Amino acid sequence: MAKYGMLIDYDFCTGCHSCEVACQQEHNYPVGKNGIRVTEHEYDTGEKIKIDFMPFLTDLCDLCMPRVAEGEKPACVKHCQSACMEFGLTKDLAKTLGDKSKVVLYTVQPG
Amino acid sequence: MGKIDVYPTVAWSAGAGCHGGCGQKLFVEDGKMVKIEGDENHPFNQGRSCPRVLALTQYMYHEDRITQPMKRVGERGSGKFEPISWDDAFDYCETEMSKIKDQYGPESIVFAQGTGRDIGGPISFLAYSFGSPNWVQLGLSGQSCYTPRLGAMKAVQGDFGVSDCSQFLEDRYDDPEWEVPEVIIVWGQHPPNGCPDAFFGHWIVDCMKRGTKIISMDPRNTWMTGRAEHHLKLRPGTDGAMALGMLNVILGEGLEDKKFCDKWVHGMDELRERAAEYPVERVAQITGVPAEEIAEAARFFANAKRGSIHWGVPIDMCPDGTSVAHGIICLWAITGNIDIPGGQVIARPSHEVSSYPYSTEALVDLYGEELVKTLTEKRIGADAYKMVKNFRGWAQPDMVIDQIMTGEPYPIKGAWIQTANVLGGQAARANFHYEALKKLEFVAVVDLFHNPTTMALADIVLPSSTFPEKDSFRSWWAPLSIIKKRVQVGDCKTDWEINFELAKRFNPEGTQRWGSPMDYFNERLAPSGKTFEDMEEAGGWLMPEDGPAKPYRRHERGLLRQDGEPGFNTRSGKIEVYCTAYEDWDLDPLPFYTEPPQSPISTPELHKKYPLIMITGARSQLYFHSELRGIPWLREKEPDPYVEVHPETAKEYDVYDGEWIYLKNDLGKVKRKVMITERVKPTEIQTLHGWWMPEQEGAEPNLFGVWDYQINQLVPGPQESQSGFGGGQYKTTLVTLEKFEQGAAANG
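So the protein lines, in turn, are chains U and G.
With our numbering, letter number 106 in the first sequence gets 106, and the count goes up by one each step, no holes.
Position in the second sequence counted from 1, then plus 1000, gives you our numbering.
Check each hint, because a few of them may be wrong.
No farther apart than 30 Å at their CA atoms in a straight line, the calculated lysine-lysine pairs in the DSS-like style are these [claimed, not checked]:
1. K95(U) with K1439(G)
2. K50(U) with K1209(G)
3. K50(U) with K1681(G)
4. K33(U) with K1651(G)
5. K1032(G) with K73(U)
6. K1485(G) with K73(U)
7. K50(U) with K1025(G)
8. K91(U) with K1209(G)
9. K50(U) with K1673(G)
10. K73(U) with K1025(G)
11. K1673(G) with K48(U)
12. K1305(G) with K33(U)
13. K1671(G) with K73(U)
14. K100(U) with K1213(G)
15. K48(U) with K1637(G)
16. K50(U) with K1485(G)
17. K100(U) with K1209(G)
18. K73(U) with K1439(G)
19. K48(U) with K1651(G)
20. K1305(G) with K100(U)
21. K1209(G) with K102(U)
22. K33(U) with K1213(G)
23. K1681(G) with K48(U)
24. K1439(G) with K1099(G)
25. K95(U) with K50(U)
26. K1439(G) with K33(U)
27. K95(U) with K1213(G)
28. K48(U) with K3(U)
29. K1681(G) with K1003(G)
30. K3(U) with K1485(G)
31. K33(U) with K1484(G)
The set of hints was computed from the structure by calculation and includes no laboratory data.
Just so we're clear, the structure is a prediction, and the values are computed from it rather than from any experiment.
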């Protein structure tokens, strides 16, 4: 069971890359290796051009459990400039899913 | 492994670049910074950090970092340098600079800065101690970055103003005095891409989350424009007409805040008359935005109880940028938004501490009367432009480079370049800058890495420091902060240490009251009643206390004027939409519109030849101007200099996504990689500035590939603004797009 998860209000993700570099610094990952990646999506709604971003957790995400054990947030969550990421117990985060639109919940079972 | 200590400090480049002032925590082990994290207790960023600061360890300990003074030993441009001691480096600079001073006068050396870093203090300290009035942001045509807007604000409303995102309140969004802005016009910027001018870009996003609606004034589609209530996609460079059109709607429909205007605004009738010359249909024709959209946006802004305008460099880069700024100031003024919660608040440095002296008295005291005389009489541009003479002590950049080339009215023989990769960065007419600067007899460059400017020009390179390596202070809006040194890298010195040592040599008498930069910091900090050490004990930063530096409604409380009377810090005590300061400076006292010097309308023939309007100078989250291309974690995410091309345009020019092409006009051609996207209109393209390739050969003729990628080679100059400020053509240059093989065929 994935006890912990990450809730991302991706409507507010501006694609700033802070989560990606925060992860690389925290884990000392070299170029090419990352626990989180942000993808860009450009589309025409008929009224306007939308540019949205979607952070995606890779298999390298360990939810920064050593940080969490020290009472810290995962590095990406802490540094997110939009403050649109939340870490917590999957069951708690799942309860809030319906409150907003354009939200994703990632569940991760670290290693 | 040793113990890891964690120290708070405040970020101000070098390292991240930028003009933010976020709180950071440095993790130090055995004298080395091993990690950096945002400081969650700091009100500026509340723990958040940008990718540039998070990659700081890769920057500080980069193998290419210059860590010793390097003296050129081969020909200029050969890339041959040898390490020397600091003593020898200072002796060499003193000797060479004194030679020029003795033969031609101190004004014959220019002191050139870029942006970012706490540079204003140390570079003016050195320039003035040397006796030169020519402190300049060299290459930045028309000084087109914030200075035109600052000058306009000072002239029109007597003070600077910013969008109120609660940044002057310690409890921020939780402070009961603050209110969520109903609307923010984001004019010519994509705030999430950086922290311009002491403003954390994501504060706008914070407000959006709390309900603020956005009006986007932007030719392009961005994350933010897609979320805006109104998005006005104006043609680049037509912002002045847009402001007048909106004023026309507001005044024509009686939507202004009449009570506020009656009491606090000077020149409403004249403004009304001027705005009447810009009916919305005419403005629609100029800007390319439908009349009804302009009118609706104007009504939406005027009808909001609390609103503000957050603006960017495209305003400065309009021809007559100071007048465009004037028009925009009128928008926030006549709608009664000044210094109210969630409005456009007056911005003053916390505790009234300034980084360097501004007043004539302070300058005389510090550097003597001769220097002050020189500042008026010999400063390049002070004669030609009254606004340049009377607002800010800088020389006019376009005129400086022209004078270096011509030697008229007096010769320029040396340059002290600090925090500025002129050739790889902001220089419009970049090749002309190269030709002119090569003529100088002595060039010293203070920087952290080699770049095209150090390679092409430097006789000596002095290695500077990142913010974890320096003691300094920051007094730009709020909070007042100190930057505290925690580590040392190589033999690097801080900008302050370098300049202080040389200033002492050139002006021993004037500088004798300080034994170290710290003594000087404490003198600057004095208005706060705190010393550097006090500040450190207090946690490193202080938010403004009730008084002139803290909102709200200071004009009603008599906190803005020297005489203590209610009102604004202008001659009339009111906001002067009819601007008497402009009148004094022989400028139109009312806002007006100027068509860009290159455009489909002003130069139809040129437009046939070069049918695409090139927008440059936007910000990337990963880079700061010409910095950071060598940082692996950053470069990985934006490896190539791309150009945004609309799908229809790509079809017309027969280019595919990812294809390398040239952007070209009469000034030259520059390589770019095509990104097909609807971010731009078919008539426009957008590409970033500041590209050179640190991984390539640095010696001449390659100079890190700068002549292949430096986009400002295509940007013409000099600027064409009446005030001397504004008008660098970075957003409105006409170009065409050429395939590589076409070029090869044409070149025979």
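Here's how the hints hold up against the structure:
1. K95(U) with K1439(G): violated (70 Å)
2. K50(U) with K1209(G): holds (18 Å)
3. K50(U) with K1681(G): Holds, because 14 Å separates the two Cα atoms, which is no more than 30 Å.
4. K33(U) with K1651(G): violated (36 Å)
5. K1032(G) with K73(U): holds (24 Å)
6. K1485(G) with K73(U): Status holds; Cα separation ~27 Å.
7. K50(U) with K1025(G): This hinted pair is violated, its Cα atoms lying about 36 Å apart.
8. K91(U) with K1209(G): It holds: about 25 Å lies between the C-alpha atoms, which stays within 30 Å.
9. K50(U) with K1673(G): Given pair K50(U), K1673(G) holds - Cα atoms ~23 Å apart, limit 30 Å.
10. K73(U) with K1025(G): Cα-Cα ~15 Å, so holds.
11. K1673(G) with K48(U): Judged against 30 Å, a Cα distance of about 26 Å means the pair holds.
12. K1305(G) with K33(U): Violated, because 49 Å separates the two Cα atoms, which is more than 30 Å.
13. K1671(G) with K73(U): The given pair, whose Cα atoms are some 43 Å apart, is violated under the 30 Å limit.
14. K100(U) with K1213(G): With Cα atoms ~18 Å apart, K100(U) and K1213(G) stay inside 30 Å; holds.
15. K48(U) with K1637(G): Satisfied, since the Cα-Cα distance of roughly 27 Å is no more than 30 Å.
16. K50(U) with K1485(G): violated (44 Å)
17. K100(U) with K1209(G): Given that 30 Å is the threshold and the Cα spacing comes to 12 Å, the pair holds.
18. K73(U) with K1439(G): violated (55 Å)
19. K48(U) with K1651(G): Within the cut-off at roughly 21 Å; holds.
20. K1305(G) with K100(U): holds (27 Å)
21. K1209(G) with K102(U): At roughly 13 Å apart (the allowed maximum being 30 Å), K102(U) and K1209(G) satisfy the hint.
22. K33(U) with K1213(G): violated (38 Å)
23. K1681(G) with K48(U): holds (12 Å)
24. K1439(G) with K1099(G): OK: K1439(G) and K1099(G) at ~16 Å, within 30 Å.
25. K95(U) with K50(U): holds (29 Å)
26. K1439(G) with K33(U): violated (47 Å)
27. K95(U) with K1213(G): This hinted pair holds, its Cα atoms lying about 28 Å apart.
28. K48(U) with K3(U): violated (40 Å)
29. K1681(G) with K1003(G): This hinted pair is violated, its Cα atoms lying about 55 Å apart.
30. K3(U) with K1485(G): violated (42 Å)
31. K33(U) with K1484(G): Not satisfied, since the Cα-Cα distance of roughly 33 Å exceeds 30 Å.
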